[in-house]
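*Asks:* Read off the chains here:
There are 2 protein chains.
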Amino acid sequence: MADPPSSLGFEALPMFQDALREIVDRTEGGVASLIMDSEGIAVESYARDDAPFDITTIGIEFGVVLGSIKRAAESLEAGQAREVAIGTEKMTTLIRTLGETYFLALAIRPDGNFGKGRFLMRAAAPKFLAELG
Amino acid sequence: MADPPSSLGFEALPMFQDALREIVDRTEGGVASLIMDSEGIAVESYARDDAPFDITTIGIEFGVVLGSIKRAAESLEAGQAREVAIGTEKMTTLIRTLGETYFLALAIRPDGNFGKGRFLMRAAAPKFLAELG
Chain H
1 MADPPSSLGF EALPMFQDAL REIVDRTEGG VASLIMDSEG IAVESYARDD
51 APFDITTIGI EFGVVLGSIK RAAESLEAGQ AREVAIGTEK MTTLIRTLGE
101 TYFLALAIRP DGNFGKGRFL MRAAAPKFLA ELG
Chain Y
1 MADPPSSLGF EALPMFQDAL REIVDRTEGG VASLIMDSEG IAVESYARDD
51 APFDITTIGI EFGVVLGSIK RAAESLEAGQ AREVAIGTEK MTTLIRTLGE
101 TYFLALAIRP DGNFGKGRFL MRAAAPKFLA ELG
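Residue numbers (the working numbering), protein chains in the order written: chain H, 1 to 133; chain Y, 1 to 133.
Simulated from the structure, these hints should not be mistaken for laboratory data.
Keep in mind that the hints are not guaranteed to be accurate.
Which copy is meant is left open, because identical chains are indistinguishable; a pair holds if it fits in one copy or across any two.
Stated by the list, open to error - The calculated lysine to aspartate or glutamate pairs, modelled on DMTMM-like cross-linking and capped at a C-alpha distance of 20 Å, are:
no., residue 1, residue 2
1, K116, E83
2, K70, E83
3, K70, E100
4, K127, E28
If you're wondering where the values come from, they're calculated on a predicted model, not measured in any experiment.
Let's have the full structure, built from the sequences with the hints guiding it.
*Replies:* Okay, structure coming up:
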C-alpha cells in the first residue's frame with residue numbers, strides 16, 4: 001500500500017464511526033465499541049451517551065489480555081487468535097482481531113445479546129480490515 | 001470446611017469425570033474438558049480418544065490468561081470474571097470460573113457448537129462448585 005493511513009486520515013473517515021455505531025445500536029444491550037491497535041492506541045470509538053464505563057480504558061486493559069492470548073495460542077500451536085469474549089458481573093466484552101495489528105471490541109451489558117454482537121462484528125470485520133489496509 | 005478435598009479425594013469422586021465427559025460428548029465438536037485450580041493443577045480432566053491436543057497444557061496456558069483477565073476486571077471495576085471464550089484458527093476454548101480458585105474449561109473444534117458448550121458449562125457449574133466446596 002503506497003499511502004498508509006495516518007491517524008489524521010482515520011479521523012477524516014466517517015466509515016469507522018458509522019460502522020461502530022451500527023454495531024452498538026443493533027446489539028441489544030450494546031454500550032460502546034472501538035478499533036484499537038496492539039499498542040493500545042484507539043483508531044476510533046463510539047459510545048452511547050449513557051455508557052457506564054470508558055471504552056478506551058476497557059480496550060487498553062483487554063488489549064493487554066489479547067496479547068497474552070496471542071502468546072498462549074502460539075505456544076499451543078493453536079493458530080491465530082480470532083475472537084475473544086470476556087464476561088464479568090457488570091459487562092461482557094467481545095473482541096475480534098483485525099489482522100495482526102488491530103482489534104475490534106464491543107462492550108455490552110451482561111444481559112445483552114451476545115450472539116447478535118458476535119454476528120455483527122464478524123460481518124463487519126472484512127470491511128474494517130480493508131480500510132485499515 | 002473441616003475436611004478440604006485432597007487430590008486423592010478428587011480421584012475417588014467419579015462425579016467429576018462423568019460430568020466432564022457429559023459436557024464434551026453432548027457438545028457437537030467437543031474435544032476435551034477439565035477442572036483446574038488457579039495454580040495450574042488439574043483436579044480432573046476428560047479427553048476424547050481422538051483429541052488432537054492436550055487439555056492440561058491448554059488449561060495451564062489459558063489459566064495464565066484468566067489470571068490477567070481477573071486483574072484487568074479488577075482494574076476496570078467490572079466485577080468478578082465469570083466466563084471467557086477464546087477462538088483461534090484450530091480450536092475454541094470456553095472457560096467458566098468456579099468460585100475464586102477453580103475454573104472449568106472446554107475445548108471444542110472451531111466448527112463445534114459454541115452455544116451448546118456454553119450452556120452445558122453454565123448448567124453444570126453449581127454442581128461442580130458444591131463438590132469443590
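*Asks:* Flag every earlier hint the structure violates by its number, smallest first.
*Replies:* 4
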